[in-house]
Amino acid sequence: MNQKTELPITARRLMIPIHLEQLEFRYPRSDFLLKIDQLAIEAGSRVAIVGPSGSGKTTLLNLMAGICSPQQGRIQIGSHAVSTMSDAERRNFRISRIGMVFQQFELVDYLNTEENILLPFAINQSIRLSPEDRQYAESLAVQMGLGDKIRRLPHRLSQGEQQRVAICRALVTRPSLIFADEPTGNLDPKNKTRILDILFGVNREEGQTLIVVTHDTQILDGFERIIDFQDFTVDANPASQPDRPRESQS
Amino acid sequence: MSWTKLVIRYIQFHKLKTVVLVASIFLTTFLPITILILLSEFNEKIISRAQSTPMVIGAEGSPLDLTLHAIYFSSKQPDPIRFATIEEIRQTGWARPVPIYSRYTARQFPIVGTSLDYFQFRNLPLAEGESLSRLGDCVLGSEVARQLQLGPGDRLLSDPENILDLAGHYPLKMLVRGVLEPSSTPDDWGVFVDLKTSWVIEGLGHGHQNLEEETDDLKVEVRSDGTLQATAAVLPYMEITDNNIDSFHFHGETADFPITAVIAVAPDEKNETLLMGHFQVVDNETQLVQPVVVIDELMSLVFQVKKFFDLNAVLIALATLFLLILVLVLSQRLRMREMQTMFKLGCSRGTILRLQFSEIAILFLVSSVLVALAVWGVWLMAGNVVQSLLIGSQG
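Residue numbers (numbering that gives the first Met the number 0), protein chains in the order written: chain Z, 0 to 249; chain C, 0 to 394.
Okay, chain C solo, but in the shape it has when bound (with noise of 0.2 Å):
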């Protein structure tokens, strides 16, 4: 039996202390260094995906909830805007836009409405199938596909919008033509139609049967006037096929219908101040930001609150780090008798101080193993998990 054998036999016996001990060294530590890694990969995430979209307009209100909104796809959508703002910013020739609807979901994923436009902004290639070709179309984000095991030619149910909500919107089964490449962005945890299929599952547009065709009076209505009027036995398609395809109509102006961001994108500085002017002087009801700096107005905010946290996390390291120096010293006190008794023994004062600090290493080295593991894991984890939380946690 050496002396090292003794250390863990006294850790072995003692399992309550030591578990205590432990976990109060592990979650002293763990904690602070999670938040730190989650916070700076958060900044890291979302300045790079701000930076990577120079302007965004929306409706008036919080330019962060648009900013998040846009470049996350957040779930707390600002107003719409109506779709007429992009041919607005088309015809000054200042920027490119790129139309953003996303309000509804699918198996909670957001459903993005765009034109193919984003695809090409995102610099977002294909990993399978094709992109966007027809009305019900849609191409998954790679976690997506991951995630519910979806691939070309598989089906994807939009959520409803309200499931007690029984006169409310059908949910549109679509058809998924394409995966994209894994791109470490909000892109792989979204469901991209185009615009108009978006309008389809707000129910703008919609197909069904041929009224004209149809005999039976429960679902159609002549009025007085000899035109047909279709009553609420006439069901929408819930799939757009080949065979339905062209039933399928959008009711009123295409410019009315609602959008929640663009992302405009000037060829140079020149242009993309003359735009700003442009949503400055010309319009009240919307909003032109510039996520880089709103995200900065964000994360300076945030680094400020990180400061307390800090001041918290040192203090209680402190705090900790006084109990743990006075539980070891009434261990120490315990045990008295028993470092007495090993040097009545014969063991040297050098051998009992190696004992004990030794007993005090253990304790931190294995704190030290758990929070490595753990920390490991946390960094692992910690793009999905920021990702969720901005994507997820919006609303």
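Pulled out of the complex, with its shape left as it was, chain Z reads as follows (with noise of 0.2 Å):
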């Protein structure tokens, strides 16, 4: 990780610390259940979030970014209640204030490099495409180094290559807040170093608050802070799990 990835100047982001308390989450017909007494997280920090399969990382990043609501608890991101908003609401908080980065990449298939990076100003009406954005999505491309396969669609790219377009496309609306989620789980270790370049290069550039969700122990050195949900998925029988995750700080 010793590669420094140069990203486009821009205005610092407004950094936003993010409050989870007495939080409670189920899934419809289903066992699991997800229960945090207390959690804070820094703004600007790179976070990593580790824990065996099924334990609860994607969720507790799902319910930060609203995509899902708690049954019970407070959600605070900044200023903002996230755990009282409407529907519209979050979804117009996320795609404003979070980029979301993805495991598989989740690239749109029939788009191309540049089609894919604009997607979050085709789909949601709260934002609006300036002729600024488009500059700052093609600075990114290029900075990404995907300047000369801006018309290529994604089947197209390799892997790194698909992974850095899902990254441009988390970073187009200048959001406050980074999630990813397993981003270098389908990479070999020279993207997965990469990747993970990238990511910390806009977090100490921009600002931006990073949270990404992992199992592997091997990338963890880059961040601030490891939440551990070894101990933290409480099951059908909550009473006899602790309510706080594990943490770290390196």
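Heads up, a few of these hints could be off.
Claimed, not checked - Straight-line alpha carbon distances no greater than 30 Å define the calculated DSBU-like cross-link-like pairs of lysine-lysine that follow:
1) Lys16(C) / Lys148(Z)
2) Lys148(Z) / Lys305(C)
3) Lys44(C) / Lys75(C)
4) Lys4(C) / Lys148(Z)
5) Lys16(C) / Lys4(C)
6) Lys172(C) / Lys195(C)
7) Lys148(Z) / Lys189(Z)
8) Lys305(C) / Lys44(C)
9) Lys14(C) / Lys4(C)
As the list claims (entries may be wrong) - Distance ranges between label pairs, derived from CB positions:
10) Arg173(Z) / Gly349(C): 24 to 30 Å
11) Arg173(Z) / Ala318(C): 48 to 54 Å
12) Val141(Z) / Leu26(C): 27 to 33 Å
13) Ala22(C) / Tyr26(Z): 40 to 46 Å
14) His154(Z) / Met335(C): 32 to 38 Å
15) Arg353(C) / Arg73(Z): 31 to 37 Å
16) Gln158(Z) / Val384(C): 54 to 60 Å
Honestly, the hints are just simulated from the structure, not real lab data.
The structure displayed is predicted, hence computed values, not measured ones.
Ideal Cβ placement from N, Cα and C applies to all residues, glycine included.
If you follow the hints, you should be able to join the two separate chains into one complex; please do so.
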């Protein structure tokens, strides 16, 4: 992770802390229960969430992103109480404030690189594509080494390139938070390093809060804080489980 | 990039699927509509033609064949009847007879041997040229003139009866004397000649050089009784001109010459009934039919058959609909992750539904436009298609 990726100079984002209190979430018709008594994430920090499969890492990310709503408790992101927002408010908040990166990249197969990067502007009317946004998208693509692949469809890109397109898509709305769910899970070691460098570079230079869900313990070095879900997930008998994730500072 | 562009890009990317779906919707919609248009055109044309032809007399046999021959000059001719029938009808005084002898073609268009009464009866004015005035003249229907690019003064050769029959009748080169106004009836597709000209084509009348002036032994034999006998080396004239018209003559009794149908125009219902009775009682070799009755029977049969086609069309449409639903449902399943990603990024479920329905709407819109264009084309050509089907495929 010695490489440093230069990103376009933009206005620094509003640094937003995250607070979770008395959070309870249960999937319908499932024994799974996620219960968090208290969790605070500092603005602009680099946080890794680790833990075994099915422990609730992705669920926590989805809750913080407003993709699903908790049955109980409070999720506060900056001055926004995400847990009390309506569906539309959560969507608008998500698309304008949060950049999402997924393990399978989740690019749209019929859109080229540029169109995939600009996808957020096409699917939500609350953000409008301006000429500056388009210029910013182009500069992001160039900085990510995708300048000559702007018209290519995803199937003509390598896996590393696809993930870089996905990161560009996450950054194009200039979000304050980056949520990445297993962003290196499908990558070879070289691309893994490059993707993490990019994400850390964004965090360092733009001040965006970076939260990465991973089960890959080899990539934890660059994170400021690690939240371990090992003992955190609560099953059908919540009374027997602890309600606070084990944490470590690095 | 707007959400509509997303839909268009999806459709562009999945070209094969789009083409298959559009083709399915197109065919399912277009075919029943085409049948409906053609049938409606067929019904309208044939009924109006039948209504304008009060009675037809012809040889015993299929009333439908006789009717279609008399009103559409269809190539399936009924057996001929004697020309004497014309005189028989005239003598009753109950109707005006209009003869039809249509057995030959010129460039595939039916040659209709008739009298000048036919043009008056059908109310067929000339667009250019003159009416029939001499043996060998013809008057063309508007469509014949248009398709063959012929006009007054041009020549038109009748088709040989059988191209392989070298001993058969010689084709006759006819002089185009006039062209009829378009009437949107089978008359547009006819080559009209005088009855005698059609008998010349038949070979019942011909013209050749004067044998008494002929000195070539190969062409003339002198019989033992002193009369002259032409040999096969004497060729009949293939064209009737001012120079040879006087040499044309007919062999046999005119009363025995063939005609294929007679249109009988009675002045009133009483005379019509009398004439019908006459042909029912007196003559067993001929029949009198009322085209309206015959065509009504035909159309009731056609519409009964159409009910099965309609049922078939409904079943095919249902099958196609189910297939479309299946394809679209499977397609949506395949796109589940894409939609999930859009939702996670901040897209509303309403927008996702709008994307999916827009795709279906565009498919139906494209199919509808294609169907509309194709139906418009069918509608424009329906008259000609029905006309040519009725005239050409009866044989």
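Evaluation of the provided hints:
1. Lys16(C) / Lys148(Z): OK: Lys16(C) and Lys148(Z) at ~27 Å, within 30 Å.
2. Lys148(Z) / Lys305(C): Answer violated: Lys148(Z) to Lys305(C) is near 59 Å, above 30 Å.
3. Lys44(C) / Lys75(C): Holds: Lys44(C) and Lys75(C) sit about 19 Å apart, inside 30 Å.
4. Lys4(C) / Lys148(Z): holds, 20 Å
5. Lys16(C) / Lys4(C): holds, 18 Å
6. Lys172(C) / Lys195(C): Satisfied, since the Cα-Cα distance of roughly 14 Å is no more than 30 Å.
7. Lys148(Z) / Lys189(Z): OK: Lys148(Z) and Lys189(Z) at ~20 Å, within 30 Å.
8. Lys305(C) / Lys44(C): Holds - the C-alpha atoms of Lys44(C) and Lys305(C) are around 17 Å apart, at most 30 Å.
9. Lys14(C) / Lys4(C): Holds, because 15 Å separates the two Cα atoms, which is no more than 30 Å.
10. Arg173(Z) / Gly349(C): 24 to 30 Å: holds, 25 Å
11. Arg173(Z) / Ala318(C): 48 to 54 Å: holds, 52 Å
12. Val141(Z) / Leu26(C): 27 to 33 Å: violated, 49 Å
13. Ala22(C) / Tyr26(Z): 40 to 46 Å: With a Cβ separation near 43 Å, Ala22(C) and Tyr26(Z) satisfy 40 to 46 Å, so the hint holds.
14. His154(Z) / Met335(C): 32 to 38 Å: violated, 19 Å
15. Arg353(C) / Arg73(Z): 31 to 37 Å: Holds, since Arg353(C) and Arg73(Z) (Cβ atoms, about 33 Å apart) stay within the stated range.
16. Gln158(Z) / Val384(C): 54 to 60 Å: Roughly 59 Å apart at Cβ, these two residues keep to the hinted range, so it holds.
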